[in-house]
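J.: Listed below are the residues making up each chain.
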Amino acid sequence: MNQKEFLDIVLPIKNNLYRLARRFLISSDEAEDAVQEVFLKLWKNKEAIKKYRTPEAFAYTMTKNYCLDRLKSKQASNLKIVHTNFENRTDLEKHIEAKDGVSLLFKLMETLPEQQKVILHLRDVEQLSFSEIAKITNTSQANVRVSLSRARKKIKDLLLIQYNYGVQ
Amino acid sequence: MEYSKIKDLLGIYFNGETTLEQEKSLRVYFNSNQVDPRLKPYVVLFDAYNKAGQEVLEGSLILAKKKKNRVFHPWTTRAAALVISGVAVSAFMYSATIKAAQEKEALTAFKESKELMYLMVNQLNKGTKTLSLVDQFQVHKNKYLK
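Protein chains in written order, with this note's numbering: chain Z, 155 to 322; chain D, 2 to 147.
What the hints contain is simulated information worked out from the structure, not anything from laboratory work.
Don't take each hint at face value.
[To be verified] In silico SDA-like links for lysine to any residue, alpha-carbon gap of 25 Å or less:
hint : chain 1 : residue 1 : chain 2 : residue 2
1    : Z       : K195      : Z       : D162
2    : Z       : K168      : D       : E56
3    : D       : K52       : Z       : Y317
4    : Z       : K308      : D       : D9
5    : Z       : K310      : D       : L40
6    : Z       : K271      : D       : P75
7    : Z       : K307      : D       : N51
8    : Z       : K310      : D       : N34
9    : D       : K41       : Z       : K195
10   : Z       : K158      : D       : P75
Please build the complete structure, drawing on both the sequences and the hints.
T.: Structure, rendered in C-alpha cells:
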C-alpha cells in the first residue's frame, strides 16, 4: 500500500476522527495531536489495514482508544489539572457561557460514560448507521441502541433541568 | 410539521429507535425557525450536534516516522545528499588541481633560484681566484721588505 492509497482511505475521515477526539480531549490542540498520532500509527500498520473490511471503523476505534489512553495516562492528569484550572478561571463567565447552549450541551455530554459518549457522538453528530457504530465500539447493534437511548435520555434530563432552572 | 408528530418522533428518538432518515427530519425541523415554543429546549440539542458536525481539523497531517517534526519528502533528502556530495567532490577536485599548480610553480621557482645560485657561485669563485694574486703580491713584497 503506497501513500496515495493510504491517504485515499484515511483523509476523508480526518475531520470525523478529529471531532471524535475533540469530544474526549476537549482541547482542539490535543485533538489535533491525537489525530496526528492515530495517523502515524495507521501509517505504520498500513499493511494491517488491508485485513480490515472497514478501515474507517478501525480508524475510529483507534482514535477512541487513543483518546481514552491519553485520558488515563500521566500526561492526561496534567492535562486535566490544566483543564480544571481553565474551568475555574472561567467560573465567572459560566453564566454567559451557559447562555451558549452548544457549549452547555458539550459539558453535559462530558458527564456520560465513555461508551455512551462515543455512541451518542457517532450517531447524532456523525450520523453513522447502527451497524457501523457496532463495529467501531465492538458491541452488538442491540447494545448500541440501548446505550444510545440511555445517553439521549440522560442528556435530555440534564438539559431540561438546566433549561427549567434558567426559566425560573 | 405538526407538534404532535414531532413529539412522537422525539419519543422514538429518545428510545434510540429512530432511523437516520427520521433523525434527519428532526434535525431539519429544529434548525428551522418554526419550532413550537413547547419544544424550544430541544433546539439547543440539535443545534449543538449540528455545530459539532461542522468542526474541522485545521492543521495538516504529517506522515513520517518522526513525531511532530516536519520531515522532508524522501526524494528531497536524496537530492540534497546528492548535491552536497557533488559539491564536496568537486571542491576536493578543485583544491587538488590548485595544489598541483602551486607545486609546479614552486618547483620552477626552485629550479630558477638554484640556477641563479650556481651562477652566483661561479662568479664568486672567479673573484676568489683573482684574489689569490693579492697573496702573490704579499709574498714578493716580503722578499724585498723585511
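J.: None of the hints should be skipped; say for each whether it holds.
T.: We went through each hint and held it up to the structure:
no., hint, verdict
1, Z:K195 - Z:D162, "holds, 16 Å"
2, Z:K168 - D:E56, "holds, 11 Å"
3, D:K52 - Z:Y317, "holds, 19 Å"
4, Z:K308 - D:D9, "holds, 18 Å"
5, Z:K310 - D:L40, "holds, 12 Å"
6, Z:K271 - D:P75, "violated, 41 Å"
7, Z:K307 - D:N51, "holds, 18 Å"
8, Z:K310 - D:N34, "holds, 21 Å"
9, D:K41 - Z:K195, "violated, 44 Å"
10, Z:K158 - D:P75, "holds, 15 Å"
Violation of the numbered hints given earlier is confined to hints 6, 9; the remaining hints are satisfied by the structure.
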